[in-house]
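Visitor: Residue strings, one per chain:
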Amino acid sequence: MGFMDRDIVSIRDFSREDLERIFEVARRMERGGYDRGLLRGKRASLLFYEPSTRTRLSFQAAAQSLGADTVWFAGVEGTSVMKGETLKDTIETVANYADAIVIRHPYDGAARWAADITSRRVARGEKKVPVINGGDGRNEHPTQTMLDLYTIAQSQGRIDGLTIAMVGDLKYGRTVHSLAYALGMYGCRIRLVAPDQLQMPPHVLSYLNSRGVECTLHTSIEEIIGEVDILYMTRIQRERFPDENEYNRVRGLYRVTRKTLQPAKPTMRVMHPLPRVDEISVDVDDDSRSYYFKQAGNGVPIRAALLAMVLGGIS
Amino acid sequence: MNVHTEGAKKGMIVSPIENGTVIDHLPPGRAVRIAQMLGLTEGAVVIIGQNLKSTKYGRKDLIKVENRFLTDEECSRIALFAPNATVNIIRNSELVEKRKVSIPDVVEGIAVCSNANCITNKEPVPTRMLTVCRSPVTIACHYCGYEVRAEDLRFRG
Chain S
1 MGFMDRDIVS IRDFSREDLE RIFEVARRME RGGYDRGLLR GKRASLLFYE
51 PSTRTRLSFQ AAAQSLGADT VWFAGVEGTS VMKGETLKDT IETVANYADA
101 IVIRHPYDGA ARWAADITSR RVARGEKKVP VINGGDGRNE HPTQTMLDLY
151 TIAQSQGRID GLTIAMVGDL KYGRTVHSLA YALGMYGCRI RLVAPDQLQM
201 PPHVLSYLNS RGVECTLHTS IEEIIGEVDI LYMTRIQRER FPDENEYNRV
251 RGLYRVTRKT LQPAKPTMRV MHPLPRVDEI SVDVDDDSRS YYFKQAGNGV
301 PIRAALLAMV LGGIS
Chain Y
1 MNVHTEGAKK GMIVSPIENG TVIDHLPPGR AVRIAQMLGL TEGAVVIIGQ
51 NLKSTKYGRK DLIKVENRFL TDEECSRIAL FAPNATVNII RNSELVEKRK
101 VSIPDVVEGI AVCSNANCIT NKEPVPTRML TVCRSPVTIA CHYCGYEVRA
151 EDLRFRG
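These protein sequence lines map, in sequence, to chains S and Y. Per the working numbering, residue 1 is the first one in the first sequence, and the count goes up by one each step. Per the working numbering, residue 1 is the first one in the second sequence, and the count goes up by one each step.
Extracted from the complex, chain S is given alone in its bound form (with noise of 0.2 Å):
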């Protein structure tokens, strides 16, 4: 399947071949540059109806990297949705302005809806304009998923076959969805550490058993860090929490610190989709197995691949 206008909406959408096309293009504009010319005269926009700092702020420079503008806004203070506009009328309207939307949404299945409704313009014979989710509540993160890939198999020097542990908060975390679905191509072993109720959903469990991942829960990091090649740690998503109460049984549950390492392999690589609050310790950034800041700046050659991708700009 081509990239031409495609939606990125679910990790699941892509095949193995898919994502190293899109690595290979993103290792190649790392190694020789971007081409200022390539998406010269397009334009993506960016919607953020929740905060973000390394996705907008990537995608942004990503754009520009490669010659596109961008017009965006950043929360819906300012905007219609304010006097309650829907999504659709918002995603009708921009699809005017833009060549690609870019999108991260509260709610669950945002993307997936504004990308349907950017296909049924092409019935009305308009161009269809590709949509990017750039997180949709607590369902998936696809963009974060191919950098985290990338990241993995640039630490690794591959992916197949590795061990990975999932730490936090399993369960509203968009990010550890997409990743565990997409890891399930590789041949990975997943270990899954979170309290009881912030564990991986069923419907993301009962994917994974499909396929036959090996997939094992555990509750403490203790048990896992010895035998895992990367420890992927997730904050927990207080604004996802229906009540204070229940995020403050969880919160501060798991810290990883430098002691906490030390039972871990030489090669093994710590994780993190960020923002941290406390679940990293700060005197682990100057650890040799930390790759959390290399990670958020694969974030550009990704999306800068992806944007080259879906408009054109590399076939």
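Hints are computed from structural coordinates only; laboratory data are not their basis. Among the hints, erroneous ones may be present.
[To be verified] Just some of the chain S residues that point at chain Y, by a computed CB distance under 8 Å:
hint, residue
1, 10
2, 109
3, 139
4, 206
A virtual CB, placed ideally from N, CA and C, is assigned to each residue, including glycine.
Since chain S is already given, all that's left is putting chain Y on it; use the hints.
Guide: Positioned in the frame of chain S, the structure of chain Y alone reads:
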């Protein structure tokens, strides 16, 4: 709902109908749910049999509805709850058509996503549910991916 057993022939638990539909071979306990899902509970004469003896399945439920003929789409919806159901069309007291139901690939507009944070529960978005497993029948929301077993699927209205 008008449930009646008057006029039944000797030996029959539920009465025959002259014109309408008989939905047979429903798993015990599912008939009321299916009647509600199809909107049969409003106005029409409906006869519901529960836990009837069945040579094929031991026990079964059954629905008879007068002067109502189900569409293919309605038959597909029955299959979500009762994959082995048969739909019999009766005209002038004669069985004129017998259909096996088949599980639909897509259910549009009528179901409710069980994920409270799904866009379909927050904005005016028509629901679209996809069958992702046929045994047990499992349905996933096209938008948020949330999966439920078919028997737990809720419908609008």
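Visitor: Next, verify each hint and record whether it holds.
Guide: These are the hints, each one checked on the structure:
1. 10: 7 Å, holds
2. 109: 3 Å, holds
3. 139: Holds. Min distance 5 Å.
4. 206: At 7 Å from the nearest chain Y Cβ, residue 206/S passes the 8 Å test, so the hint holds.
Comparing the model with each numbered hint stated earlier shows that all of them hold.
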